[in-house]
Amino acid sequence: MLLTLQLALAGLAFGSVAALSGIGLVVTYRATGVFNLAHGAVATLIAYVHWELVVRQGVPEAVAAPLCVLVLAPVLGVLGYRAVFRPLQERDASPAEALVTTLGLFVLVVGFTTVLWGNGAKRAPAVFPTARWDLGDLTIRSDTVVQLGVVGLVAIVLAVLTGPTRLGADVRAVVDRRELAQLSGVDVDRVNQLGWAVGTALSAITGLLLAPSLSLTPYGLTLVVLETFAIPVLARLSSLGVATVAGLGLGVAQAELTQVHLTQEPFATALQALQSNLLVVALLAGLLLLPSLREVGDAGKARSFSSRRGRRTSRRRSVVLYSIAAVMLASPLGYPAEQLRQAQAVPGLAVVLVSIVVLTGYGGRISLGHAGFAGLGALFFAKLSSGAPELVALVGGMLAAGAIGVLTGYPAIRRRGLFLALTTFAVGVTVSRFVFESPSLTSGIDVHRPSLFGLSLAGDHTFYAFELACLVIALLVVRNLRSGPLGRALLAARDSEPGARASGLDIGRITLFTFAVSAVMAGLGGALLAQTTLSFDSHAFDPVSSSLVWFTAVVVFGADSAAGAVLASGLFVAMQLVTGSSDAALLPIGLLAVLLGRFPGGVLAGLGAASRPATATVTGRRLTPTGRALVRQQ
Amino acid sequence: MTVLEGIGITKRFGGRVAVEDVSVAVHAGRVAAVIGPNGAGKTTLFSCLTGAASLDGGTVLLDGTDVTSRGADDRARRGLGRTFQRLSVFGSLSVADNLLVGAEAARRTPLWRGLLGLPDRRASGDAGRVDRVLALLGLEDVRDQEARTLSTGRLRLVELGRALCGEPRVLLLDEPASGLSDAETDGLRAVLRAVADDGVAVLLVEHDVRLVLDVADHVYALAQGRMLSSGTPDEVAADPAVRSAYLDRTRS
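Residue numbers (my numbering), protein chains in the order written: chain X, 0 to 633; chain C, 2 to 253.
Rather than coming from a laboratory, the hints here were simulated on the basis of the structure. These figures come from a predicted structure and were not determined experimentally. Heads up, the beta-carbon is just placed ideally off N, CA and C, and yes, glycines get one too. Any given hint might turn out to be false.
Selected chain X positions facing chain C (in silico; Cβ < 10 Å) [stated by the list, open to error]: (1) Pro388; (2) Arg478; (3) Ser482; (4) Gly483; (5) Leu490; (6) Glu496; (7) Ala499; (8) Arg500; (9) Ala501; (10) Ser502; (11) Gly507.
Each pair of labels, with its calculated beta carbon distance range [unchecked claim]: (12) Leu182/X - Leu119/C: 54 to 64 Å; (13) Val319/X - Arg144/C: 43 to 53 Å; (14) Asp142/C - Met327/X: 53 to 63 Å.
Can you build the whole structure from these sequences, using the hints too?
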């Protein structure tokens, strides 16, 4: 009983932080219609600033924390809104574009944090004094009490603000129908700015409170905050009360789980994984069980960040791009082995990125879990190759990834936009936590390079040639996906689902097919990446530093451009070689993604558009809502 | 011969009855039409017949087969072609490719064949059919144009063409004349007649009463989710209940 109470208190400490993070996400979503995927990255950035102020500059805590939470964070939120999200809104961008922009913001902020403070772990200072009071055998920590107080205060203040006040009515009006609210005199801009300011302030509190209990690293803290997505999902992105209760409840439940012991394998391992990953499981379960996130208004179609227009895309452009890519890819074959080795990551990563093009550019579906598919391909290849020929193992790995791809595809038949993005992200995190980071599955793995009909591909040059052959096969598959009846069917399903169905296309079958092809291809790329480094490294298939960054890079280079995906892969590796940091590519990619609102369809399409004569279009910038609606209808 | 039949169709949204116990039949070579004031349940009935909505009661027979529990794509492959009131063309495809999808989709070719780049042996007749339909609808001048660049009136024809390329046994048209100019409506009338003369069963939901009375062989008049009257155009037009519910109001 005492242990239960003690654990409950410990759980409340984490639960209150999780609740604050969830409340922040819900507030921003409700006030602005944007689900901020950069929430965790912002929390981490502010935690670093706080560390810098307190530890390095010696600013007293009583000044540093309020400065971070009440001044810096809201200012950043409002600036972000004005610079990035307001232009999107004025252009009437789709929810999918807003989603990708928050991803870009995420990449940019993480890149910025890494460049400024490096990847090394820091010890963050505690924000609140950590006195302990002993009540009999029960120890109560003062910071837990203060945190609970903060949660209560925040929940009450927000409930009043969004409740029966003028501001509350405004917020609800804006959320309901932005344009109508604007027409009826609601200051939409003010509501939006407030939403961003409050949301980022809450993410800052989350970062400051979480950092001391973890070691402060750019990705580590970010991922923990991203796991709190479970809370807004359970609250269906609308109820602050549910968010508060869900946050506290999950915190307590996770702590109480440590009391449960199982000895029988594999349940003991599974329980162990569950004990540290309850939020991940709650996120996935919540997303799969909810029939729809109607509150999400998930009209977001990936179509809007894809510029592909039927078969008749400019042939000249793709010839030029493929020529550049071919020269870039073939030239390392002439290098000595030492330099060649540095280029070996390019084809493998390119295959993975092309697989994202298949799903997003051609299938019109978002996937934020592709590193999970790639990692499964790598892991199964490595496991199988100890008992089977490498090529058989390679096919086995691809099929394993494909199987998970099909499983992920089932919920994707009825899910779109944000709902699907979160679902695929949850799948990726779950695979990473329960498979890649499970020592019993991933320890002692030997990765070999395959041999082809007795010809060993272990040499650096022959292996690179093999990788290029795999990439060429992937690109041939992509070509087939965009031509002929299959290409037309995919485009038709992407353009209009009712129309496709009325013509006799089975949307479910096409969705599963696209997921399967994409996941198999990702599995191949993952296996190639593992063969490059001759090891299985779970960090190479991280749900945050890989999945999210890869997806953003693909969209930046044109979601439907396979050549763009190959170039993006080259950029990643080249930036790493030049700067020595694997995160160097984050800054340009994040920046371009944030600017995507200005180059719909990706950078390459944007450059193409800039070189074409301008057609007579009316930008939405200075138009009234009615005017925009008229322009849109044309 | 009856191609499509809806028997006792009932559909509720929450507690509200949108369509109650409505029966319609469409025969090969004939044009039937559903008319009724706004909110009469025309579009709901249409959705129930095409499979876009599930039924709360009743049966839909397509060529004598019970398709009540089958999806829209399944019904399409069995020979049900349709157009939409809210346009649903494939905007990024050319007009000819829109029609090609109509011809190809109904065949349900295994997807992996396309993945491996294998040709579809049954595709030989597609190009010819697309050309014939383009000529019938007068869309030859825009055949290679991206569909999203066309006017509403022509997009309606593209949708109609897409449905025709699937060689439908029954064609359901939701407000085909809305957004069409008078000249285009005249063209549509001729096309509908030609399609029906080809042996296709046609059912249209239409606001343009003159078009309906002109082209339809049989008219169903709905009001408040129920069948008000049914018969030849002259009979329905003469029915006092119909006049008071619909015709007079639109004429005035």
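Status of the hints after comparison with the structure:
no.: 1; hint: Pro388; result: violated, 23 Å
no.: 2; hint: Arg478; result: holds, 8 Å
no.: 3; hint: Ser482; result: holds, 8 Å
no.: 4; hint: Gly483; result: holds, 6 Å
no.: 5; hint: Leu490; result: holds, 6 Å
no.: 6; hint: Glu496; result: holds, 8 Å
no.: 7; hint: Ala499; result: holds, 7 Å
no.: 8; hint: Arg500; result: holds, 4 Å
no.: 9; hint: Ala501; result: holds, 5 Å
no.: 10; hint: Ser502; result: holds, 4 Å
no.: 11; hint: Gly507; result: holds, 9 Å
no.: 12; hint: Leu182/X - Leu119/C: 54 to 64 Å; result: holds, 55 Å
no.: 13; hint: Val319/X - Arg144/C: 43 to 53 Å; result: violated, 28 Å
no.: 14; hint: Asp142/C - Met327/X: 53 to 63 Å; result: violated, 43 Å
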